[in-house]
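Line by line, the protein sequences give chains L and C.
The first sequence begins at 1 in my numbering and counts up one residue at a time.
The second sequence begins at 305 in my numbering and counts up one residue at a time.
Source of the hints: derived by calculation from the structure; they are not laboratory data.
Where hints are given, some of them may not hold.
What the hints assert, rightly or not - Using C-beta positions, here's what the derived DEER-type ranges look like: (1) L/D90 - C/A607: 34 to 44 Å; (2) C/A430 - L/L142: 32 to 42 Å; (3) C/K570 - L/L68: 44 to 54 Å; (4) C/D527 - L/T146: 51 to 61 Å; (5) C/P693 - L/A101: 45 to 55 Å; (6) L/W69 - C/A689: 41 to 51 Å; (7) C/E490 - L/L68: 33 to 43 Å; (8) L/D73 - C/K570: 17 to 27 Å; (9) C/K361 - L/A188: 50 to 60 Å.
Said to hold, decoys possible - Listed below are the simulated DSSO-like cross-link pairs for lysine-lysine, each with C-alpha atoms no more than 27 Å apart in a straight line: (10) L/K160 - C/K376; (11) C/K361 - C/K627; (12) C/K551 - C/K727; (13) C/K610 - C/K624; (14) C/K472 - L/K160; (15) C/K376 - C/K472; (16) C/K536 - C/K679; (17) C/K727 - C/K528; (18) L/K160 - C/K624; (19) C/K624 - C/K528; (20) C/K627 - L/K160; (21) C/K624 - C/K651.
To be verified - Not the full set, but computed from the structure, chain L residues with beta-carbon under 10 Å of chain C: (22) L154; (23) V222; (24) L240; (25) D245.
Each residue gets a CB set at the ideal place from its N, CA and C atoms; glycine is no exception.
What follows is each chain in one-letter form.
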Amino acid sequence: MSAATAVTTTKKTNTSAGNPRGPRQSIMSRGAAMLIMGVFTLYFLTPIWWLLVSSSKSGGDVTGTAPLWFTPDSIPTFFANLGNLFTYSDGVFGRWLLNSALYAGLGALLGTVIAAMCGYALAKYEFRGREAIFNVVLSGVLVPATALALPLFLIFSQVKLTNTLWAVFLPSLVSPFGVYLARIYAAASVPTELLEAARLDGSSEARTFFTVSTRLMAPALVTIFLFQFVAIWNNFFLPLIMLRDQALFPVTLGLYAWNSQISQIPELRVLVIVGALVSILPLIATFLGLQRFWSSGLGAGSVK
Amino acid sequence: MRVRYGKATAAFAIVSALSLAGCSSGGSTSASQDSSCKPSSGPVELSFTTWVPGMDKVVDLWNKDHPDIKVKVQTGPNGNSGTYQNFFNQLQAGNAPDLGQIEYDALPNFRVQDGLENIAACEGVADAKDKFVDWTWNQVTFGEDKAVYAVPQDSGPMAMFYRADLFKEAGIKVPTTWDEYAAAAEQIKARGSYITNFPRSDVNWFAGNVWQAGGQWFANANDKWEVNLTGKESEKVANYWQKLLEKGEVSTLPSFSDEWNASFNKGQQWTWVSAVWGASTLQSGAPDTSGKWAVAPMPQWEAGGKAAGNWGGSSTAVLKGSKHPYEASKFALWLNTDPEALALANKLGGLYPAAKSAKDLDAFSGGVDYFGGQKIYDVFADASANVNPNFTWGPTMTKTYTDVSDGFGKATGGNGTLLDALKDGQKKTIEALKSQSIPVKE
Chain L
1 MSAATAVTTT
11 KKTNTSAGNP
21 RGPRQSIMSR
31 GAAMLIMGVF
41 TLYFLTPIWW
51 LLVSSSKSGG
61 DVTGTAPLWF
71 TPDSIPTFFA
81 NLGNLFTYSD
91 GVFGRWLLNS
101 ALYAGLGALL
111 GTVIAAMCGY
121 ALAKYEFRGR
131 EAIFNVVLSG
141 VLVPATALAL
151 PLFLIFSQVK
161 LTNTLWAVFL
171 PSLVSPFGVY
181 LARIYAAASV
191 PTELLEAARL
201 DGSSEARTFF
211 TVSTRLMAPA
221 LVTIFLFQFV
231 AIWNNFFLPL
241 IMLRDQALFP
251 VTLGLYAWNS
261 QISQIPELRV
271 LVIVGALVSI
281 LPLIATFLGL
291 QRFWSSGLGA
301 GSVK
Chain C
305 MRVRYGKATA
315 AFAIVSALSL
325 AGCSSGGSTS
335 ASQDSSCKPS
345 SGPVELSFTT
355 WVPGMDKVVD
365 LWNKDHPDIK
375 VKVQTGPNGN
385 SGTYQNFFNQ
395 LQAGNAPDLG
405 QIEYDALPNF
415 RVQDGLENIA
425 ACEGVADAKD
435 KFVDWTWNQV
445 TFGEDKAVYA
455 VPQDSGPMAM
465 FYRADLFKEA
475 GIKVPTTWDE
485 YAAAAEQIKA
495 RGSYITNFPR
505 SDVNWFAGNV
515 WQAGGQWFAN
525 ANDKWEVNLT
535 GKESEKVANY
545 WQKLLEKGEV
555 STLPSFSDEW
565 NASFNKGQQW
575 TWVSAVWGAS
585 TLQSGAPDTS
595 GKWAVAPMPQ
605 WEAGGKAAGN
615 WGGSSTAVLK
625 GSKHPYEASK
635 FALWLNTDPE
645 ALALANKLGG
655 LYPAAKSAKD
665 LDAFSGGVDY
675 FGGQKIYDVF
685 ADASANVNPN
695 FTWGPTMTKT
705 YTDVSDGFGK
715 ATGGNGTLLD
725 ALKDGQKKTI
735 EALKSQSIPV
745 KE
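Next up, chain L with everything else stripped away, as it sits in the complex (with noise of 0.2 Å):
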């Protein structure tokens, strides 16, 4: 998804940049772009169409009919399907994406203004250490979240904190990534002059970084949040450590929970498609919402 959004991006910049050359080798380099572009597109929207096919079916067509074409009955189906989805097992599937949301979307709001602050120190303050510290959030970004998960689980036990909404949602707030895009774009956009007539004016330093710093650097904050709401939604690995009780799962342990159990209870194999279609709305719902800024951030921090 992600891919196939950076390739529309840099394929904009291509065009709106204006081409040099004549038209006739335009059309060549044009159409082999769009080949490799048309190429990609399927090669990521096809699983997403064979999922909404497939939620359309009931258990025995999944396998049983063309895969990737509705059978005549799919808009009842589907709407059985999602009925189905809901009330399975006292409804807990709403509950898993009411999860994911809070932790998602709390988190992703919360980890986004602590990444900002960061990022702003450590562009507009000068100290002692800066460098260092910045250099150990970098290598942050360089260590994989699921090799962190154990270590904080027993760290989670000591304090006794595991199996709570802490466990999941503690560790979300923290982005590296995050804090050095905030740096810099922070760099970039946000004058140092201006800071200091703002200090002149007797704006406290946090005042003018909320009123002032944040505004200048809204692109890379959706950018940072967007990053960080796709992260956490993902997140599997740490849940699956850190959760035991049903009632606390995001949604992708919910299905992945299901889906090791479709040999036992084969209808849950149905549920965990839909499941899963109906996962990826938020994620899309997200997308196209803050899409724009998105593209402009990540433009905005790579000239600069």
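Since the structure of chain L is provided, determine the placement of chain C on it from the hints.
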């Protein structure tokens, strides 16, 4: 409970190998102290982790009648998909649940890592021996004196599902021995179908066949593990299926995949030697063939034999560190012997009880329409009674399964043989045991 092995499992195996290396140096299998098991004073709350769907409803029955011993159910993915790894992490952190569902083939791993409470001294546990099918009881005691580490929950006795209509139409005799089975395979192949599918990644299915043939993969004597994946019975079973594979008389679709289901649904598969839970797999995966199936005992190596294998099954274990072993074992016994609980666990979770009383349950007494009205559970009850009671799983089954299934994958692709895969698995299993400082006899 069936176990499936895939990439996720391999990943967990690696993580588990890493995280356990530190705490496995003990590796002893000597009987732990026979501590007394006394009731706690006052009301207690127990946590119970399982992945059987509907278990919360079963536990509600218990909670209604036992206000002083409240059980809280926590459900997760099935064992090898993450729950076992979580147990090990929790054991290490000292916050494991009081009770956990553990499959028989994973129990030795927990035993070796000292993750199980010995509940033999708890009231009623030792006396419950006769309530369970013999082999399941041996799984939870490991043959140790005065030791019971879990209560058997469900089992997967094996039999042969077959397409009664196709066999009849073709005039082929329904095989009762493996020789007849091979002969039928040839005739079925001539008609453009397969007698069955060889499940290359279900090594525990293969183990079930070795089990039936009287083989043993592991033994634990004098505190040393013996690994024997390549004994003469294993060799016999491996060579048998190797021949069918080479002649192209069995298909090699990934088990339980869409193609696999479709193949059964379209009538390309004539038999499936599988466990009792396979009945529901077939009904959902091959709905178009309803009424055409029947169940017969597993084909035998010797005409007139009755031996059956087993594929899957799990226990309810009291995990180390539980503060209330008395109450926990009381609950575990109730859960796995109470007729009402067993009936509900079967209805909602599809469990086939390890308790001998299974055959008296209503759910298992009637005919099943999908199988032409046959009383199929009678066949499985017989099979259950004819499973060799002495079969031991090793302490590193996840690893062994992964290694052997890699080899099986190659063998079905024409690269090496099934026996080669077992030899390779033998070598790697011994290495895995050694790397965890578990004593091995060589």
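Structure-based check of all given hints:
no.	hint	result
1	L/D90 - C/A607: 34 to 44 Å	violated (53 Å)
2	C/A430 - L/L142: 32 to 42 Å	violated (55 Å)
3	C/K570 - L/L68: 44 to 54 Å	violated (19 Å)
4	C/D527 - L/T146: 51 to 61 Å	violated (36 Å)
5	C/P693 - L/A101: 45 to 55 Å	holds (52 Å)
6	L/W69 - C/A689: 41 to 51 Å	holds (49 Å)
7	C/E490 - L/L68: 33 to 43 Å	holds (37 Å)
8	L/D73 - C/K570: 17 to 27 Å	holds (22 Å)
9	C/K361 - L/A188: 50 to 60 Å	holds (59 Å)
10	L/K160 - C/K376	holds (18 Å)
11	C/K361 - C/K627	holds (24 Å)
12	C/K551 - C/K727	holds (22 Å)
13	C/K610 - C/K624	violated (39 Å)
14	C/K472 - L/K160	violated (64 Å)
15	C/K376 - C/K472	violated (51 Å)
16	C/K536 - C/K679	violated (35 Å)
17	C/K727 - C/K528	holds (20 Å)
18	L/K160 - C/K624	holds (18 Å)
19	C/K624 - C/K528	holds (23 Å)
20	C/K627 - L/K160	holds (17 Å)
21	C/K624 - C/K651	violated (31 Å)
22	L154	holds (6 Å)
23	V222	violated (34 Å)
24	L240	holds (5 Å)
25	D245	holds (5 Å)
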